[in-house]
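**Q** Listed below, chain by chain, are the residues.
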Amino acid sequence: MCSILGIVNENRKRLSAKYIVEGISLMNDRCNGLGGGFAAYGLYPEYKDYYALHILLKDFELKDQVAEMLKDYVNIYKDEEIETRNVERISQDYIPWRFFVDVPERYTSDADNYIIDLAMKINNTGGALVISSGKNMGVFKAIGYPDEVARLYKLENYKAYMWLAHGRYPTNTRGWWGGAHPFSILDYSIVHNGEITSYGTNKRFLESYGYKCSYFTDSEVLAYLWDLLVRRHKLPIELASEVLAPPFWEQIERMPPEKRRIIEALRMTYGPAMVNGPFGIVIANGSGLTGTAGNGTMVGLSDRIKLRPLICARKNGTTFMASEESAIKAVCKNPDNVWAPHAGKPTVAMVNGDV
Amino acid sequence: MEMYSSVPEFRVDIDRQACRLCKRCIENCSFGALEWRDNKVKAFNDRCVACQRCVSMCPEDAIALRRTPSVMSAHPIWTENARRDVFTQSRTGAILLASTGNELHEQVIFDNLLLDACQVTNPAIDPLREPIELRTYIGRKPRFVELEELGDSLRLNTKLSPALKLEIPIMIAQMSYGAISVEAHEALARAAVMRGTTMGSGEGGLHKKLYPYADHIIVQVASGRFGVHPAYLEAGAAVEIKIGQGAKPGIGGHLPGTKITDEISETRMIPIGADAISPAPHHDIYSIEDLAQLVNALKEATRYKKPVLVKIAAVHNVAAICSGICRAGADAIVIDGFRAGTGATPKVIRDNVGIPVELALASVDQRLREEGIRNETSIIASGTIRNSGDVAKAIALGADAVKIGTAALIALGCTVCKRCYTGKCAWGIATQDPELRSRLDPVEGAQRVSNLLLAWSIELKEILGAAGINSIESLRGNRDRLRGYGLDHTTLEILGVQPAGS
Amino acid sequence: MRIVANYKHYKELNEEIFQAVQAGVAELTLEDVNGQRFIADCLKGKLNIDIYGTPGNDLGMFMDGPTVTVFGNAQDGVGNTMSSGKIIIHGDGRDILGHSMRGGKIFVRGDVGYRVGIHMKTYKSNVPIIVAGGRAGDFLGEYMAGGIIIVLGIHNRAKKAEILGDWVATGQHGGAIYVRGDVDESKLGNGASQFRVTADDEITIKKVLKEYCQVFGLDLEGLLDAEFTKIAPLSHRPYAALYTCE
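Protein chains in written order, with this note's numbering: chain A, 1 to 355; chain B, 1 to 502; chain C, 1 to 246.
I should point out that these hints are in silico values taken from the structure, not numbers from a laboratory.
Any given hint could be a false lead.
Taking lysine-lysine pairs in the BS3-like style, the calculated list, with each CA pair at most 30 angstroms apart, reads [said to hold, decoys possible]:
1. Lys230/C with Lys345/A
2. Lys13/A with Lys234/A
3. Lys345/A with Lys187/C
4. Lys234/A with Lys165/B
5. Lys347/B with Lys259/B
6. Lys259/A with Lys345/A
7. Lys159/A with Lys8/C
8. Lys259/A with Lys159/B
9. Lys315/A with Lys8/C
10. Lys8/C with Lys154/A
11. Lys347/B with Lys209/B
12. Lys207/C with Lys44/C
So that you can see chain A by itself, here it is in the shape it has in the complex:
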């Protein structure tokens, strides 16, 4: 059991962290203080052209080591410690650091894959974890309840047009900073409620596409699957969702022929990418990726037989997606519309305008 919440303003109006923190905190009964985290988009407008690497460092000495490694591969425009304050219940297991980097000119045509490879390299060194690597966005996470993590990172100092939050109740794996959500790769971030029974299948499938799973938790595969399907294989969001939560064969057989052909092809091709077991997820996707320039999105999705809850609401161009309606009502008392999405069908909120 975990809590998830996403808030996005389609006009890129930047909201203070207050709302997301209040909303996620209302669901503290869904988590146990062993992991909390946030993703924020529109975070660094002044550095929006640089990849913002949020890196957790096991100790201070590692900082120079990571910086040296980065220098071999990218240009570091700026780097600094991510400011934190002491929070009673949180032990500072890691030092969070941010690097703004760009990719050397000769690699810019494939900059995104270049950054992913680099992130996986750093994760493999031990002691340093890249927790986000997109542009104009960042992830903040630690062990603790979400509100404690928000205080730790001084989230009140940040504004973003799109926020994700997660409160964790770890099951299969221990509570550690790296295992807290969101999981992020490039401009994709994901928060997940549930447990993936197909993890082994998904992980081995991803490995054959070059992904390395290093966070010891099932939720990690969701971020990579989304990256594979949407960014690399360019599937529309609706169809990528049908890969993660495919219709049953008996439902496919009742579809019109052309749609049926497509869905059958997807199920046959991406069978190992199907995510089994209960899940409710919210995926945030900023923009500005090479080759996929366009609008940012937030997508809510539950498993195909609805074993985890997901409620959506809208008010004046702001869309909310949450585990519980009360979390939305905590920050938006009278939404224009509240609805429970269909199992396995994505709810998509689009962000207008370019970065």
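We have chain A already, so just place chains B and C on it with the hints.
**A** Chains B and C in isolation, oriented as in the chain A frame:
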């Protein structure tokens, strides 16, 4: 020179008080172990194979078969079997013939693998009420799907390779007409139709009676090329090239001329009474590139409408071989483990050549993944799949589907008496004798095989549901849901499975 | 008595309710409720509880007697294993509403979610009843062993959506579901079948809907002026042939 081996293995006990002298047992014994002498049934214990036919046919339950108590002095190495084999060969100077599967290696790794289930953190899914899917497509899958936007609609630009659609991930193995009766063949084909799966023609062609079921039959092309002609290739749901089988890797075979009846002659397209010889290799495949050539020839012949499978015995270098087979264009690879059954094989080969299917499967699946070509072929595992637990474990190790042979025959009435090679099967399965064949009703037999497949399917859904999985593709290759129990470190490493408790 | 829930934790809120009930208060109004779980959990006897806001999960769990009215939407698990009483929801209900319910009534004006009425049971004179004014999600009446579910499809929020989801009444072995309108055969799960509504069924429907209409101020005649479809089990022992031994 008479020696100890003449001590019969079994003893037929007849309850003289109960016996009402109806002679049904005598009529039913196809091995001549019972005769009418001095107005009573006399047993010739040395001919008895314990096939249980007389036992089940006796209306008075007057017959019991017993294993003869050992009369030899015990020796741990020179077992009775070892001594008996030496004696037999010293008498005949011939290869020991055997049926069914490996008797020397009793360990089945499947039994040392444990499946997982959900508790609390995840709901078990109730298969009786919530949908759980077993459908499986056998064939090459694309690495990604390409779509094109056309106005409001999307067009699929990826062309899918032909695939076999199976409603259950359990297929019926290749067993030839000749090795088994046409009645057995028909029963298996009907069962395949009933359960939405396939059966294999085996290498002996397809009896004309079987053509109505051909869209559920995988027609085999083996080294003897018996009964292979355009109509045969066109009729099948898929074509399977047999390189080898687990019970006799690297060994050819022959169906003796005495068994080539007119119907078998017509089906195999060879003269009545002539030996049907299957060479050890295909004489058009002396290397991997030749396999590619045959795969492509068959694809041409079937106008690229049917998957082409390649079956091999699990041998030491199976992973590398399967990589080559995959790259040769095979849409599926059948890996037949060293415990697999057969109608006739040299005993020394059956018991000593090849490796267990669990290890072969695990290493092939991993190798193809490492090479990034796992999607290009399906993997089918066979060789002692005894129950739905074995099916689930094989799939979790990485198989797309499994094939069953012996289990299907047992459903038809086989009692595993291991005398298939005699052609005297008392149950009408491994025989061409018209009287014996008439004992097997294909419709009734089909129902029994179908029942078996149905029962396993329901059990598979229970296994999946307990693991919180509602579609078989999420178990496939999901080794995280297996644990090893009582397996050594190296074996676990090859299987890619953690030890229980970790 | 009026209690403002505001940001109180459910333990605090429910303790206040419990104390009030112990003191003999029979009319309670809860305001600014948002996400507090287990409201009216295991409360017994004649009580009226009006809730403004969004009560949290497991509203009215194990409840035996009270009438709870929600002016808004409810969350998952309304009336979980409830014994008797009434829950009225003026908005939508969510998933597993009426789970294992063994008596009483749940009236929802809007839509309901997934697995509504799952495993509800009839025992002797206890017949649980659920009425949904809008649509119902997949697995409606799953394993249903007794009781009555009525789905009206009149306040369907998602206008285009069908009244019923898939796998309706899968594993049903008791009770009845009445749907206002036709039901596509493909919607039914294993074990359930469609039947013609009999005179007895009509009497049942009318009786239940009369009360439903009074609660929400709806026109009974208008509601009844439609064909209902009955979904009931084929067998009380759908799995009799499932197991074998020797």
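**Q** If a hint holds in the structure, say so; if it doesn't, say that too.
**A** Do the hints match the structure? See the list:
no.	hint	verdict
1	Lys230/C with Lys345/A	holds (29 angstroms)
2	Lys13/A with Lys234/A	holds (28 angstroms)
3	Lys345/A with Lys187/C	holds (18 angstroms)
4	Lys234/A with Lys165/B	holds (27 angstroms)
5	Lys347/B with Lys259/B	holds (21 angstroms)
6	Lys259/A with Lys345/A	holds (15 angstroms)
7	Lys159/A with Lys8/C	holds (28 angstroms)
8	Lys259/A with Lys159/B	holds (15 angstroms)
9	Lys315/A with Lys8/C	holds (25 angstroms)
10	Lys8/C with Lys154/A	holds (25 angstroms)
11	Lys347/B with Lys209/B	violated (34 angstroms)
12	Lys207/C with Lys44/C	holds (25 angstroms)
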